[in-house]
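Chain order of the listed sequences is A and B.
Throughout the first sequence, residue numbering follows the numbering used here, covering 1 to 310 in sequence.
Throughout the second sequence, residue numbering follows the numbering used here, covering 311 to 671 in sequence.
These are calculated hints, taken from the structure and not from any lab test.
Any given hint could be a false lead.
Example chain A residues on the side facing chain B (calculated, C-beta under 7 Å, incomplete) [claimed, not checked]:
id : residue
1  : Val93
2  : Leu97
3  : Leu101
4  : Phe102
5  : Ser108
6  : Gln112
7  : Trp227
8  : Leu230
9  : Ser273
10 : Met274
11 : Leu284
12 : Val285
13 : Ser288
Where a beta carbon is used, it is the ideal one built from N, C-alpha and C, also for glycine.
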Amino acid sequence: MDLSAINPAVLVASLMVAAVPIMLAAIGELVVEKAGVLNLGVEGMMIMGAICGFVAAVETGSPVLGFFGGALGGAGLSLIFALLTQILMANQVATGLALTLFGLGLSSLIGQGYVGIKPPATGTVPFGPLAEIPILGTILFRHDPMVYLSVAVIAAVWWVLRYSRMGLVIRAVGENHDAAHALGYKVVRIRVLAILFGGAMAGMGGAYISLIRVPQWTDGITAGAGWIALAIVVFASWKPWRVLLGAYLFGGITVLQLNLQAAGARIPVEYLSMSPYLITILVLVIMSRDRGKGALAAPAALGRNFHASR
Amino acid sequence: MLTLERRPNPSRFWTAATPVLAVALTMIAGGILFALLGKNPVEAIRTIFWDPLFNPQFAAYSRPQLLVKAGPLILIAIGLSLGFRAGIWNIGAEGQYMMGAIFGAAVGLAFYPMEAWFILPLMVLAGAFGGWIWAMIPAILRTKFRTNEILVSLLLVYVAQSLLASMALGALRNPEGGGFPGSRNLSQYPSAANPELIAGTGMHWGVVAAILAVIAAYVLLQRHMLGFSIRLAGQAPRAARFAGVRPNLLVLICLGISGGLAGLAGLFEVAGPAGQISIDFGSGYGFTAIIVAFLGRLNPVGILLAGLLMALTYIGGELAQFMLGLPSAAIQAFQGMLLFFLLAVDLLSNYRIRLGKREVA
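Hey, can you work out the whole structure from these sequences and the hints?
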């Protein structure tokens, strides 16, 4: 094994790229859960975003429209979830699972004719001379716009939830929907909007996988990223900046195991590729072990359906 | 305007009628989907739901396939339904299914080429053990550390997938396979094979196990204290605790049963219809079984019927792929749609829909 082939600066730069899809999906899901809704369909929304974004980018030749398409695809699928759980009072766990199963099938159906095509390339942000700074330039200034956008979204969500009136309303709805309803907030409407935002973020994350990370279309391309995003929300104890931390941690593991594979580590490839999932489980255990804290951080109304006449 | 009024008790009529309504709605929506794909919708629906059973040209082949496909679905869904009733969400049955296949096949291959009566029974035990132990991971993590069993069981599917690949390429690879991935064919090794028991029916030991599981689950839920605890824990967790139900024990039991049954399904599949451990052995039965469990209303008899119906969509889907060039993924989307409609029309059993505006209280 040749560890000297691994350049730390490049490693850090590529872990930032690897973290983008789950960071976007997880921050979207964080908002959804803050509003008191548990949407387990992140994997389905991501893969719908992956294929819709891919199709949009290939057909228009524009990666920007691709990301819009991805967000639309994810949000479109989440609309089904919103309709079922908020209007028709369906069980959130079951509906989320249905969303994933349906998304996997539908995406592969849409993607039939797109296997083996290359999407239009997304350029890096032109930082000019900044990108030439040794080490720092490689780590910070040679990325595509989405890497910066994902961090900006984290900052925006943090600010909105913490300081704005809208954030207060979202949290109120998620902590106690009956009280929020009594105060005159439109619980269902707020939750539907949160679900749509979560869907758009997951879809954009999915589009990042098919447009930049991989970049091509294959069935099941998200490979569990949506589930890891869900785990990261738990890891983050529903705090935006810790989503960033969790995503970078996970991105680091993913990139490291890929680098070890390339460097010819003696561990078989299959064991390396299962490591991100195993470590996610380990992290979940550590986070959940701390009984008081973990349980308190979750929004109180998480997963409970709201019906006004009750 | 329409308003909803919660029923004091779920309507018995709608509880039975909703699956039928959901299937009907799915056929309509599926027809629209197929029309969008440029196929004749009526022909597509007929090819999926009618031809496999009644078209003289295909029925001889596809009728036995119905049991082959329904067996694992029913076996897994029965196990899942117990947990779902108690609010314990094992959604990693796909991983438990693969582990059952790996453990069972490993035992069978260890004896190769010895011929003895006890090999298949031993494999059955190993298969159930493999699924059980894989389900014990989320179960123990949940009871010891309160870790979410939904995420853990699901993440373990990806781990199992990697393990499966490493087995097919490494430890269990057929030494006479010319370097190709995949194990020896167990169905050609008489002591380890899970053959068709009655020629031309598709009935194999896995189907027998599925039927036994339906009967056992029915008795359990209707007549046994454990079944009562499960139902109570799902409907009124607080009351269950006062009644002496130990939630942790229930988690271990429910995940254990569902893991064991999923493992059995994997073993019977690898020793019979599939024949070998291969990289693409995971067939999605573990996920489709979730739909089967819900479509069957978490009721053993319902699951039996739902499993047969879902098996029909698989066979019909293959036929439609072959006859009409309908992509295979269409069936998966179709199955997901079925679950959507089911969850949507469930509203009718829990709520009454009233015309007119809600009175302001």
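Structure-based check of each hint:
Interface hint status for A/Val93: upheld, as the beta-carbon distance to the closest one in chain B is roughly 6 Å, under 7 Å. With its C-beta approaching chain B no nearer than about 6 Å, A/Leu97 sits inside the 7 Å limit, and its interface hint holds. With 7 Å as the threshold, the beta carbon of A/Leu101 comes within range of chain B, its nearest partner Cβ sitting at about 4 Å, so the hint holds. Satisfaction of the interface hint for A/Phe102 is found here, the shortest Cβ-Cβ separation to chain B being roughly 3 Å, below the 7 Å cut-off.
Look at A/Ser108: its Cβ gets to within about 4 Å of chain B, closer than 7 Å, so that hint holds up. Against a cut-off of 7 Å between C-beta atoms, the interface hint on A/Gln112 holds, since the closest Cβ of chain B lies about 5 Å away. Taking 7 Å as the C-beta cut-off, the interface hint given for A/Trp227 holds, the closest approach to chain B being about 5 Å. About 6 Å separates the beta-carbon of A/Leu230 from the nearest beta-carbon of chain B, less than 7 Å, and the hint is met.
Interface hint status for A/Ser273: upheld, as the beta-carbon distance to the closest one in chain B is roughly 5 Å, under 7 Å. Below 7 Å, beta-carbon pairs count as interface contacts, and A/Met274 has one with chain B at about 4 Å; its hint therefore holds. With a least beta-carbon distance of about 5 Å to chain B, the hint placing A/Leu284 at the interface is held under the 7 Å criterion. Among the interface hints, the one on A/Val285 holds; its C-beta lies about 5 Å from the nearest C-beta in chain B, closer than the 7 Å criterion.
Against a cut-off of 7 Å between C-beta atoms, the interface hint on A/Ser288 holds, since the closest Cβ of chain B lies about 4 Å away.
In summary, this structure violates none of the numbered hints.
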